[in-house]
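> Residues per chain, in single letters:
2 protein chains.
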Amino acid sequence: MNEKKITKRSSDFSQWYLDVVSSAELAEYGAVKGTMVIRPYGYTIWEISQKVLNQKFKETGVENAYFPIFIPERLLNKEKNHIEGFSPEVAVVTYAGGKELDEKIIVRPTSETIIYESYSKWVHSYKDLPILINQWANVVRWELKTKPFIRTTEFLWQEGHTVHETEEKAEERALKMLGIYKDFSENYMAIPTIVGKKTESEKFAGALNTYTVEAMMQDGKALQYATSHNLGQNFSKAFDIKYLDRQNKEQYGWQTSWGLSTRSIGGLIMVHSDDLGLVLPPKMAPIQAIVTTISSKENEKEITDKANEIYRELEESGVRVKVDSGNLTPGEKFFKWEKKGVPIRIEIGKKEIDNKEAVCVTRANGNKTNISFTQISKIIPEMLDQIQNDIYEKALKKQNENMKTAKDWDDLVEKVSKGNFVLAFFCCEKNIEKQINEDTGITVRCIKQTDGKIKGICIKTGKETTNEVYFAKSY
Amino acid sequence: MNEKKITKRSSDFSQWYLDVVSSAELAEYGAVKGTMVIRPYGYTIWEISQKVLNQKFKETGVENAYFPIFIPERLLNKEKNHIEGFSPEVAVVTYAGGKELDEKIIVRPTSETIIYESYSKWVHSYKDLPILINQWANVVRWELKTKPFIRTTEFLWQEGHTVHETEEKAEERALKMLGIYKDFSENYMAIPTIVGKKTESEKFAGALNTYTVEAMMQDGKALQYATSHNLGQNFSKAFDIKYLDRQNKEQYGWQTSWGLSTRSIGGLIMVHSDDLGLVLPPKMAPIQAIVTTISSKENEKEITDKANEIYRELEESGVRVKVDSGNLTPGEKFFKWEKKGVPIRIEIGKKEIDNKEAVCVTRANGNKTNISFTQISKIIPEMLDQIQNDIYEKALKKQNENMKTAKDWDDLVEKVSKGNFVLAFFCCEKNIEKQINEDTGITVRCIKQTDGKIKGICIKTGKETTNEVYFAKSY
Chain A
-10 MNEKKITKRS SDFSQWYLDV VSSAELAEYG AVKGTMVIRP YGYTIWEISQ KVLNQKFKET
50 GVENAYFPIF IPERLLNKEK NHIEGFSPEV AVVTYAGGKE LDEKIIVRPT SETIIYESYS
110 KWVHSYKDLP ILINQWANVV RWELKTKPFI RTTEFLWQEG HTVHETEEKA EERALKMLGI
170 YKDFSENYMA IPTIVGKKTE SEKFAGALNT YTVEAMMQDG KALQYATSHN LGQNFSKAFD
230 IKYLDRQNKE QYGWQTSWGL STRSIGGLIM VHSDDLGLVL PPKMAPIQAI VTTISSKENE
290 KEITDKANEI YRELEESGVR VKVDSGNLTP GEKFFKWEKK GVPIRIEIGK KEIDNKEAVC
350 VTRANGNKTN ISFTQISKII PEMLDQIQND IYEKALKKQN ENMKTAKDWD DLVEKVSKGN
410 FVLAFFCCEK NIEKQINEDT GITVRCIKQT DGKIKGICIK TGKETTNEVY FAKSY
Chain B
-10 MNEKKITKRS SDFSQWYLDV VSSAELAEYG AVKGTMVIRP YGYTIWEISQ KVLNQKFKET
50 GVENAYFPIF IPERLLNKEK NHIEGFSPEV AVVTYAGGKE LDEKIIVRPT SETIIYESYS
110 KWVHSYKDLP ILINQWANVV RWELKTKPFI RTTEFLWQEG HTVHETEEKA EERALKMLGI
170 YKDFSENYMA IPTIVGKKTE SEKFAGALNT YTVEAMMQDG KALQYATSHN LGQNFSKAFD
230 IKYLDRQNKE QYGWQTSWGL STRSIGGLIM VHSDDLGLVL PPKMAPIQAI VTTISSKENE
290 KEITDKANEI YRELEESGVR VKVDSGNLTP GEKFFKWEKK GVPIRIEIGK KEIDNKEAVC
350 VTRANGNKTN ISFTQISKII PEMLDQIQND IYEKALKKQN ENMKTAKDWD DLVEKVSKGN
410 FVLAFFCCEK NIEKQINEDT GITVRCIKQT DGKIKGICIK TGKETTNEVY FAKSY
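Sequences listed follow chains A and B, in order.
Heads up, the first sequence is in our numbering, so the first residue is -10 and it goes up one at a time.
Heads up, the second sequence is in our numbering, so the first residue is -10 and it goes up one at a time.
In case anyone wonders, no lab produced these hints; they're calculated from the structure.
Take these hints with a grain of salt, some might be off.
All copies of an identical chain are treated as equivalent in the list; a pair is satisfied when it fits inside any one copy or across any two copies.
[As the list claims (entries may be wrong)] Under the rule of at most 30 Å between Cα atoms (straight-line distance), these lysine-lysine pairs were calculated in the DSSO-like manner:
#1 Lys295 <-> Lys116
#2 Lys67 <-> Lys134
#3 Lys134 <-> Lys387
#4 Lys272 <-> Lys367
#5 Lys452 <-> Lys134
#6 Lys88 <-> Lys192
#7 Lys329 <-> Lys45
#8 Lys93 <-> Lys(-7)
#9 Lys88 <-> Lys67
#10 Lys165 <-> Lys192
#11 Lys116 <-> Lys311
#12 Lys407 <-> Lys387
#13 Lys136 <-> Lys93
#14 Lys387 <-> Lys295
#15 Lys295 <-> Lys171
#16 Lys290 <-> Lys158
#17 Lys93 <-> Lys22
#18 Lys339 <-> Lys325
#19 Lys407 <-> Lys210
#20 Lys444 <-> Lys383
The following block holds chain A by itself, in its conformation from the complex (with noise of 0.2 Å):
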């Protein structure tokens, strides 16, 4: 047990992130700079997150398949957007099977290209369209500056990739894609997201439109973990992806590509937890409620069988429990498993035992409720549900406090460095987004979704537009 106490947020945001991934036994780093190990308490979350999302790209008819984690290089050079993009952050294998390869092989960073390679081969006619498939995959991204979860040389993800008959099935796909990610985290991870579509610049390399999947964590910084993009037509003519339409004319396909990845667990983190430790709403809670004994000497025996029972019960009432009967203090106790976020701790000892109640302790707010034994495997799957909805009210509120109008540019410039969002109309110029952000850090991070129809003047030019933007620092 780390031992170790947990950095106040208010003091260093970043330690106090690193102290709650530590001491929960979520992850560390690994040998080779910038890697992660994901300890089980976090791949949990993870295998959650992929139950939760299976399900919701099976609805809409997507398969899961596996590619090569191999590209040859010609291949990723193929689409030149996408290339130029990427070049910088790629791993390469130069040698293999004790020889210098003749071809550099990329690790791939992201799978358009070796995908849409095979692609090429299997889809001839409009009968072979929609492809929707994902791959549940690790993808490698050299990066300088790594945190956990954040930002990782090796990370997790999936990335789908679907091929469309037209234009506007393409962009039906990509959207559908993006909503099902804000469902995933509005009503799993009780995040309260924006969405919208990025600016020319911030956009995916090689696609027609990104839409993204934000976050306010608690330091007001904003993180991205989940993008869907409307890739068009750029990859399928450079990867020939051509079919014979309805009216056996030949046309190249329509593409999408979306993911969401292991930095999701980032924001889960940063966006509920507190200076104790780990706070996790209840569906992506690898233990919803930890029944803790409290020992004493005359009645232990009727304690542990008492603390059994109410496992059996909750279990069976689709709880995913557990009973922490061990040795340690009750205090020792109850701080390991707040620093893990368990929702519920539910308290068993000699004072319980002769009340004939639990003393049920919620993890987000300290609350203590008594409930009757006879009740217990009632009332808790109605309080996990309680805190749910407790937890992301709560987090939707410190949005909608730190979510700012500005009067002009200084204003705004000053509201987001005190930990705001800031709305503003922008002209969403790309040299002039370049230049914002090196003069003060601040980013676009996506277009407000709207009809188009409203026009504004640009918070930095005065020029007339209808971009409605959320300016904000990022991860």
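Please arrange chain B on chain A, whose structure you already have, making use of the hints.
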């Protein structure tokens, strides 16, 4: 749809295998030589394997985690036998993020070294033991001669890694996991197995003992697709995995590792399939029953409605079922699903509607049965159980018929060359085993699990030995 004819097993077994893989749309080669694209139909078989194994692992206390794909060269070098075993086949990253790297990075061929680096930090006391962790991952081994699923440069697997207090507990764990693999093979993949200990020359690089799961393919060759290693203290000493025992004395941990790979899918294909294409045991089949409509202008709607009704009933009974009401001719439809190895085809046409019964065809043996519409959801699940059983029995019969004994060495060589396994006493001396392999291509698959009391005469040297082994050619 791939209209290519499938080569007959009797004319070219190797080409037959490739034809089955390709015509069932299970997999194809990737762009880098020896890598593999696992297509959705093939990947679903892997997902079924994952689901079954995850459940079985979990029941024995194993948790999933994820460790980095990148291993610094110095770590791989720590265990002498291990690096000697793997160095000829590793892929090496020498260049990343636009720069030559100071230290070479190995793409994991297996993860003992990177995982045990973490374990050395996690293990301090006997209270931290056992450690029971598994990961699902991709690994890379540079191979010259490749074949889809059987031998690919990158493959998917699970690798479990445990640490225990005593040698006995490690041995017990290694055998427990062997038991799980055997159970999975026989009761899910319907593959009768040959399990036992590897000889000194065939064991895992760095292990004390290696236990293997092998099976006989239809060409009489052996395929190894799962192994379980008792690592003793070889790695704990190299990686300094030490703990204070119950007497407060420092000890090195006792370890195991065990893995099953996508190679198992190769075995599944080669054991059961026939000259018409893939044959799958129902428990491993992505689609267990296909409802095919036989078009008839006058009854079109009635036929489709009935097909959909049967689909819903079977889905409710827990059958993985699909409807094919497409425009292909009945013959084309039958051919399509036959090649994909769907265990039961349910035909619905005008005649079936008139008779109120469906024609149900079993893929494995071609048997046709008429089943009344009202009985279908009851009878199909029973048929699937029966088919699962029949497929196993058929494979077992074949294995028994080709399991021979030999009167002398020449007889053994002749029998193995004709596609048999031969069970014989063997001294297991390293040099002799090596010589046999060089001279004949025959290998010792494993040492039969016995009580070690029965002595016999080594078929090659005439020396007395207790080792009874399986000789065979192998993949």
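> Each hint needs a verdict: does it hold in this structure or not?
So, going through the hints one by one against the coordinates:
| no. | hint | result |
| --- | --- | --- |
| 1 | Lys295 <-> Lys116 | between (61 Å within a copy, 25 Å between copies) |
| 2 | Lys67 <-> Lys134 | both (29 Å within a copy, 28 Å between copies) |
| 3 | Lys134 <-> Lys387 | within (28 Å within a copy, 59 Å between copies) |
| 4 | Lys272 <-> Lys367 | within (17 Å within a copy, 36 Å between copies) |
| 5 | Lys452 <-> Lys134 | neither (37 Å within a copy, 64 Å between copies) |
| 6 | Lys88 <-> Lys192 | between (39 Å within a copy, 26 Å between copies) |
| 7 | Lys329 <-> Lys45 | both (28 Å within a copy, 26 Å between copies) |
| 8 | Lys93 <-> Lys(-7) | neither (45 Å within a copy, 34 Å between copies) |
| 9 | Lys88 <-> Lys67 | both (26 Å within a copy, 22 Å between copies) |
| 10 | Lys165 <-> Lys192 | within (18 Å within a copy, 51 Å between copies) |
| 11 | Lys116 <-> Lys311 | between (51 Å within a copy, 18 Å between copies) |
| 12 | Lys407 <-> Lys387 | within (14 Å within a copy, 75 Å between copies) |
| 13 | Lys136 <-> Lys93 | both (29 Å within a copy, 22 Å between copies) |
| 14 | Lys387 <-> Lys295 | neither (40 Å within a copy, 54 Å between copies) |
| 15 | Lys295 <-> Lys171 | neither (41 Å within a copy, 38 Å between copies) |
| 16 | Lys290 <-> Lys158 | between (63 Å within a copy, 29 Å between copies) |
| 17 | Lys93 <-> Lys22 | both (22 Å within a copy, 12 Å between copies) |
| 18 | Lys339 <-> Lys325 | within (21 Å within a copy, 67 Å between copies) |
| 19 | Lys407 <-> Lys210 | within (10 Å within a copy, 70 Å between copies) |
| 20 | Lys444 <-> Lys383 | neither (33 Å within a copy, 74 Å between copies) |
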